[in-house]
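Which chain is which? The protein sequence lines are A and B, in order.
According to the working numbering, the first sequence is numbered sequentially starting from -7.
According to the working numbering, the second sequence is numbered sequentially starting from 9.
None of these hints come from the bench; they were simulated from the model.
The reader is advised that the hints may include incorrect statements.
As the list claims (entries may be wrong) - To give an idea of the interface, some chain B residues facing chain A are shown, with a C-beta separation under 10 Å as derived from the structure:
#, residue
1, L77
2, G84
3, S163
4, K177
5, D379
6, L381
The structure displayed is predicted, hence computed values, not measured ones.
All C-beta atoms in this analysis are idealised placements derived from N, C-alpha and C, irrespective of residue type, glycine included.
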Amino acid sequence: MIHDQANYERETEDVREPLLSEKGEATVDVTDDSPLPDDLTRDELTLPSPSEPEIARHYTRLSQMNWAIDSGPYPLGSCTMKYNPKFTEDVAADPNAAVHPDRSERSTQGNLELQYRLQEFLAEIGGMDAVTLQPPAGAAGELTGILVAKAYHEHHGNDRSEVVIPASAHGTNFATAATAGYDVVELPSGDDGRVDVEALEAAVGDDTAALMLTNPNTVGLFERDIAEIADIVHDAGGLLYYDGANLNALLGRGRPGDMGFDVMHYNVHKTFATPHGGGGPGAGPVGVVDELAEFLPAPQVRENENASGYEGFEPERTIGKVHGFTGNWLVLIKAYAYIARLGDEGLADAAAKAVLNANYLAERIDLDVPHGPFHHEFAATAGERDAADVAKRMLDFGVHPPTTKWPEMVPEAMLTEPTEIEGQSSLDDLAEAFDLAYADTDEALDAAPNRTAAGRIDQVSAARNPRLSWQALDGE
Amino acid sequence: MSGADGTPYAPHTDAETAEMLSAIGVDDEEALFDIPDEVAFDGEFGIEPRTEREIRAECSRIFGRNDDLTEFLGRGHYGHYVPSVVDHLSDRAEFLTSYTQYQPEISQGFLQALFEYQSMLVELTGLPVANCSMYDAATALGEAATLADRVRSTSGDTVLVPEQLREGKREVLANYCAGAGLTVERYPMADGNADVDAIADRVGDDVVMVYAENPTVRGCIEERLGAVGDLAAESDALFVLGSDVVSLAVLEEPASVGADVVVGEASVLGLPTAYGMGLGIFACSDEFLRQVPGRLVGASEDAGGDRAYTLTLQTREQHIRKERATSNICTNQAWVALRAAIHAASLGPDGLVDLANDCVREAAALADRIDGLKGAVAPVHDRHHVREFAVRVDQPAAAIAEDLEAEGFAVHVVGEHLLQVCVTDLNAGRADDLVAAFEEVI
Chain A
-7 MIHDQANYER ETEDVREPLL SEKGEATVDV TDDSPLPDDL TRDELTLPSP SEPEIARHYT
53 RLSQMNWAID SGPYPLGSCT MKYNPKFTED VAADPNAAVH PDRSERSTQG NLELQYRLQE
113 FLAEIGGMDA VTLQPPAGAA GELTGILVAK AYHEHHGNDR SEVVIPASAH GTNFATAATA
173 GYDVVELPSG DDGRVDVEAL EAAVGDDTAA LMLTNPNTVG LFERDIAEIA DIVHDAGGLL
233 YYDGANLNAL LGRGRPGDMG FDVMHYNVHK TFATPHGGGG PGAGPVGVVD ELAEFLPAPQ
293 VRENENASGY EGFEPERTIG KVHGFTGNWL VLIKAYAYIA RLGDEGLADA AAKAVLNANY
353 LAERIDLDVP HGPFHHEFAA TAGERDAADV AKRMLDFGVH PPTTKWPEMV PEAMLTEPTE
413 IEGQSSLDDL AEAFDLAYAD TDEALDAAPN RTAAGRIDQV SAARNPRLSW QALDGE
Chain B
9 MSGADGTPYA PHTDAETAEM LSAIGVDDEE ALFDIPDEVA FDGEFGIEPR TEREIRAECS
69 RIFGRNDDLT EFLGRGHYGH YVPSVVDHLS DRAEFLTSYT QYQPEISQGF LQALFEYQSM
129 LVELTGLPVA NCSMYDAATA LGEAATLADR VRSTSGDTVL VPEQLREGKR EVLANYCAGA
189 GLTVERYPMA DGNADVDAIA DRVGDDVVMV YAENPTVRGC IEERLGAVGD LAAESDALFV
249 LGSDVVSLAV LEEPASVGAD VVVGEASVLG LPTAYGMGLG IFACSDEFLR QVPGRLVGAS
309 EDAGGDRAYT LTLQTREQHI RKERATSNIC TNQAWVALRA AIHAASLGPD GLVDLANDCV
369 REAAALADRI DGLKGAVAPV HDRHHVREFA VRVDQPAAAI AEDLEAEGFA VHVVGEHLLQ
429 VCVTDLNAGR ADDLVAAFEE VI
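Chain A on its own, in the form it takes in the complex (with noise of 0.2 Å):
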């Protein structure tokens, strides 16, 4: 067995952690003691009422039932799960940081240097002219993105109704150009599953706003026509939208803006490091080329004029907010601590050993692996196998699999992503658990996983019959 040490097996027949409300609720009577009238009240307030150790035993113990990057490898493609460096948190967690977003500009100028300086990094990493931090995630920077890339097209007279978008890109992206009122036009992958670049000729035109893109793609292949792509896209009018998930395979050898790209947002918890929590926070930065920055949303912030501080600042023609406040700020004070940790150096050597180790781990594994070479992912198949089998027999290997069926393109696909922070023998023991659970028996696989605090659950009984809290337990 690999990675044995970071393994929770089940035990005994039964390892469920009680709920909070099975470890005690209490009804309080709202009306007792209240300065309010009863008619503005409600009468009573059920919740669990644990006891401090209690609740220090019941969140260890579900910290326990779950994995993350600091257990082991979790090499899930497209989703950059690197190592969070963990300095960073003590950064963030300064209390004269933490103040409230409504204080004056006078009475917080550290803020505003931090922002100011996040701002330039990343358009430095980006090849942008200016930027924008207040996107709360990546899917929240391609709408906003997309909504500034829509009030550019409205400013100049252009009546265009449709967002370009490869088959392959991340689902966020149709979502967010639906969001953004726009038609979707899928454009189908080439063979060599890079963009067709006599399809996408087809399918620009007058009604083009832009085309949604991702480079390195989510097979992990470089857009070699990227400079043939973008013309195509501006001489029909259209602005080349920039998806940020990839661009850690790219820091420091290549800029989306030096490619042609108009508008791109930057996912901080992927390429700079930033923890996930679990699903979130994020912050999804965007950055723009000079002739879209007067639309980017409000406020921004620069130098003031004797550039004695900082000032926020409306961009001319701005789409308003995207965020109530200032976005995620704890996770933008991370990602420019981790970005100034590495530096120019750093960041490109975090870039070459990423693209090294998917190469590398490509290499070693039996799968099937089409195409290459890659840079920082690569979509291996199962072929006969069923790729979410194969994902569950890993777990009792020790690590995380890859994302499993998707892209679409590549039939029962394995997308991995070993990011940087793999070493050469972790990347041995991965391609280990690969090829194991590939070659396990069909038995094995239907059976898997059996090491894990659960074991294969339910999906369609969940989705059928939804219970999604405990009142709807009750009485079970």
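Starting from the known structure of chain A, arrange chain B on it as the hints suggest.
Only chain B this time, still in chain A's reference frame:
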């Protein structure tokens, strides 16, 4: 390996790198980059690497430039004391460094925590469905509007919101509405509450959503929400109610006043003010279960027949439904939801009710004292207040706020002669000093 040569977070020795390159069959890492020269980057960012220690000192110096003020600020964003147990448990790396729960068998811990968070919201709102978070109250409101657009298939394209609403919230809502072809329209307020007569005059076929907040942005408790709910129901508009999880502990259950959807903030538990970082709540009636934006955790069984948890109803989400998804939200605020759940558990129902009641008592007491000062009237609205209230001042409000800042206090300016003051457990101990400073500058 040091930060000056490369990333300190890759474990490769030179020998290993050479061996790996040889296994791949290339001479160096450069050979693996498939980037055409014309778009390759060979310049410099000009970012000097620093040591951990240097960065901690640098950031400490930068944040030290923020003035040390006692904040009496709120308007939708509040800080309460966060017990130490919240930091220590949520900072466990197994929570903090985990990803979305795509493999539920090794994510039972976080899934259960989110299931419990959802359950607490169900109790607080009285609505049967709560998702496991939105970014913040403003984006949750935007998502409520697009939900209204989907479920109300009338020809309507108007959402009604109070005239007293945070501008940022209104702008975020407008950005979500733009894509759905919706228009945001304001209804008037009457002495700090929704003007029910004006809403009655306005609702009709073209309205898909009526939004109210309780408490309002000025801290007033709404007194006729049932009537607003009835009006929305009669015209087949969605009634969306904004609140926060502390206020919900004592206020009328949203379900009982006819709310179809509750949006708002849960960051009042578990987070410091954090410069505006939030935790959006989204709860709704069963009718809209398959239209809910964001992630849902459901209970199920594992192969051994034990209760187990999983993300569920994912056919609503963008990784399956793409442009037909209910929302583009994917990453949310899961870890912040975990913090809110731990904080709520550590308070228990009596602690949460006490906290909410204190928010009412402290606001009333402080308003009363400011009202006693010459040149100030508080609260401006003759209502019950939670945490905050408006103050009418004879002199220009901006000048008074500036003078108060010089004395070490931050308050809101909400009109030419209107200030707003927010008091919570964190600053209540300095209420005497604020009143003294007020008296001085007024």
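Hint compliance check: list the failing hint numbers for this structure, sorted ascending. 3, 5, 6
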